[in-house]
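Participant: This is what each chain is made of:
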Amino acid sequence: MSISHHCPRCGCSLRRLPAPADPVYGLAIVTCPECGRSSIRRLHPLKAAWQWFRRFDLVAGVLLLQVACAIAAVAGAWALVSQVGSLMDSRIDSGWGGGSGEVGGLRFDHTQAILAAGGAALVGVWVGVGLGHHGAVRAVGGFVCTVVLIALAAVSIDAFTATALVRASWLLAPGLVGVGVGFGLRRLLRALWPFWWRFALRRLRRSRRLT
Amino acid sequence: MNQRERTGSDARRRGPSGGTEATESMVSILDGDRACLGCGYNLSGQPILREPHYDLLVVRCPECGKVAGIEEYPLLGRAAGRLAAAGLAIWILLCVGFTAATAGALFGMTLALSEEILWPLTEELQRDFQSWSAEHVSAQNVYALPRPEQRAAVDTWLEACGGIDGFVNARGGWLAAIDPWASLFWVPMGAISFAVGAAWSVLLLGCSRRRLIAVALALVAVAAVFVASEILHSTSGRGTLWWSQMINQELASLASAPTRAVALALLALPFVLGTWLGRSMARGIVRVLLPPKLRTPLGFLWIADQLPPPTTRGASSRGAAGRARAGDPAPVTARTPPP
Numbered sequence: 001m002s003i004s005h006h007c008p009r010c011g012c013s014l015r016r017l018p019a020p021a022d023p024v025y026g027l028a029i030v031t032c033p034e035c036g037r038s039s040i041r042r043l044h045p046l047k048a049a050w051q052w053f054r055r056f057d058l059v060a061g062v063l064l065l066q067v068a069c070a071i072a073a074v075a076g077a078w079a080l081v082s083q084v085g086s087l088m089d090s091r092i093d094s095g096w097g098g099g100s101g102e103v104g105g106l107r108f109d110h111t112q113a114i115l116a117a118g119g120a121a122l123v124g125v126w127v128g129v130g131l132g133h134h135g136a137v138r139a140v141g142g143f144v145c146t147v148v149l150i151a152l153a154a155v156s157i158d159a160f161t162a163t164a165l166v167r168a169s170w171l172l173a174p175g176l177v178g179v180g181v182g183f184g185l186r187r188l189l190r191a192l193w194p195f196w197w198r199f200a201l202r203r204l205r206r207s208r209r210l211t
Numbered sequence: 001m002n003q004r005e006r007t008g009s010d011a012r013r014r015g016p017s018g019g020t021e022a023t024e025s026m027v028s029i030l031d032g033d034r035a036c037l038g039c040g041y042n043l044s045g046q047p048i049l050r051e052p053h054y055d056l057l058v059v060r061c062p063e064c065g066k067v068a069g070i071e072e073y074p075l076l077g078r079a080a081g082r083l084a085a086a087g088l089a090i091w092i093l094l095c096v097g098f099t100a101a102t103a104g105a106l107f108g109m110t111l112a113l114s115e116e117i118l119w120p121l122t123e124e125l126q127r128d129f130q131s132w133s134a135e136h137v138s139a140q141n142v143y144a145l146p147r148p149e150q151r152a153a154v155d156t157w158l159e160a161c162g163g164i165d166g167f168v169n170a171r172g173g174w175l176a177a178i179d180p181w182a183s184l185f186w187v188p189m190g191a192i193s194f195a196v197g198a199a200w201s202v203l204l205l206g207c208s209r210r211r212l213i214a215v216a217l218a219l220v221a222v223a224a225v226f227v228a229s230e231i232l233h234s235t236s237g238r239g240t241l242w243w244s245q246m247i248n249q250e251l252a253s254l255a256s257a258p259t260r261a262v263a264l265a266l267l268a269l270p271f272v273l274g275t276w277l278g279r280s281m282a283r284g285i286v287r288v289l290l291p292p293k294l295r296t297p298l299g300f301l302w303i304a305d306q307l308p309p310p311t312t313r314g315a316s317s318r319g320a321a322g323r324a325r326a327g328d329p330a331p332v333t334a335r336t337p338p339p
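Chains as they are written, first to last, in my numbering: chain A, 1 to 211; chain B, 1 to 339.
Hints listed in this document are in silico derivations from the structure and should not be mistaken for laboratory results. Take these hints with a grain of salt, some might be off.
[As the list claims (entries may be wrong)] Pair ranges (Cβ atoms, derived):
#1 R41(A) with G206(B): 31 to 41 Å
#2 W193(A) with A214(B): 43 to 53 Å
#3 I71(A) with L56(B): 22 to 32 Å
[Said to hold, decoys possible] One side of the interface only, derived from the structure: several residues of chain B facing chain A at Cβ under 8 Å:
#4 D33
#5 L294
#6 D305
The beta-carbon is built from N, C-alpha and C at its ideal position, and this holds for glycine as well.
Using the sequences provided together with the hints, build the complete structure.
Facilitator: In structure tokens, the structure reads:
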């Protein structure tokens, strides 16, 4: 049996009456068939607290995921900049260059190049999906500033030559492509959201009808 | 009987309309589940009565006689109270555990930082002793000697170099003897200390910033007690020690107190700063990483500092706060109810 709900004016039982959401206020309103007084069907405080906790749990989970992604993105960008910088420095020192597959006067191992570009693109995708709510200009500007700051920190701490890092700046290109893909993905998810929401509502109504 | 009590009892007798001896009238039957606040009995099927004094609808429990209003959902008194007590107990346990962990972490980091600061001097002392023992001690490895002979060798070496003070003075004093760059070891530890302070700031949302600083200083004081007891323990022990431990003990009696005090102060500074800035940083992280619609369940971070909670429309709470301070009302979108 569900929780009791009675009209506060005449005491008529409102428990079995449906409480559709009001189109303007969005409240679950029940109108008494006896006296015509409308009242709001509220959640039991314990149930409301549980619902708040579930929502908080969801948000805390999303926040933790975002923090983990942010840390991974910064660490990944640092690792990419350091690796590409040290790779270029060592090849500048050894005078290795020339031949096919040259990028900026230096030859790359294709696997390393693909991995570095893929990593940069992944960081960009996260920026597009996870930070897209700030708008394209802010997200891209923040991404570029963060990468530049990381590169400067890598120069000062790991003592790479500035030339190597300037050449390593081609990593920004796949990163920006990743940001674009991320924004597209975000738009797609937002476009699919109403369908998913309708489906969830339908499931909820069906389960309520069954109970 | 005073005037107030008399008036109340009269009203109770007369009822709200001024009539005398008003009685409860049955209105309906309770449908659905509703537990009695007194004994937990399910009141389903009990008559709903119109209470004559306030004209409210009530239900009387047949088991314990307690009267309950039906306009609000009742909370099961015992269950809710027990849940709240259990939550409170878990919260207190968490706070006590976090207190111990914080004091322990500050203590451990203080020891590590002071050891790092003193390490060049310790290393030089040990190297000097080894070079001295190579000439004056018969055994090739001093560790192979019995402990009393190791103690005698260390004492003789200390006499030869004029004690730890003489050793340090011969190298230009304390500041010349310690390595200032070793203090760079402070940076990662300071970051950890700051993060712990920020966690305290978010954990104790009920505290104002001034109280938070007081809590942080109290935690530093607990860590200082740990450090003091460690200093007493490290300088008073005369048990079976190896020669390197003997040298460390001699150095500790002279240098551990000031270096540990400096190290603790260096760690306390970011810790207190973390408690001061922690909530602002948490709000900033939430604002950067979460879209506006997901920020509302974390509104307590704003409410704790008397700031307007985040809105779901993407307007920054800073803007709302600025409006509130300037006395401007928030923009209201007029919506007319349906006819």
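Participant: Work down the list of hints and note, for each, if the structure agrees.
Facilitator: Hints and how they fare:
1. R41(A) with G206(B): 31 to 41 Å: holds, 33 Å
2. W193(A) with A214(B): 43 to 53 Å: At roughly 47 Å between Cβ atoms, A214(B) and W193(A) fall inside 43 to 53 Å, so the hint holds.
3. I71(A) with L56(B): 22 to 32 Å: violated, 57 Å
4. D33: holds, 5 Å
5. L294: For L294(B), the interface hint holds, since the closest Cβ of chain A sits about 5 Å away, which is under 8 Å.
6. D305: violated, 19 Å
When each numbered hint is compared with the structure, violations occur for hints 3, 6.
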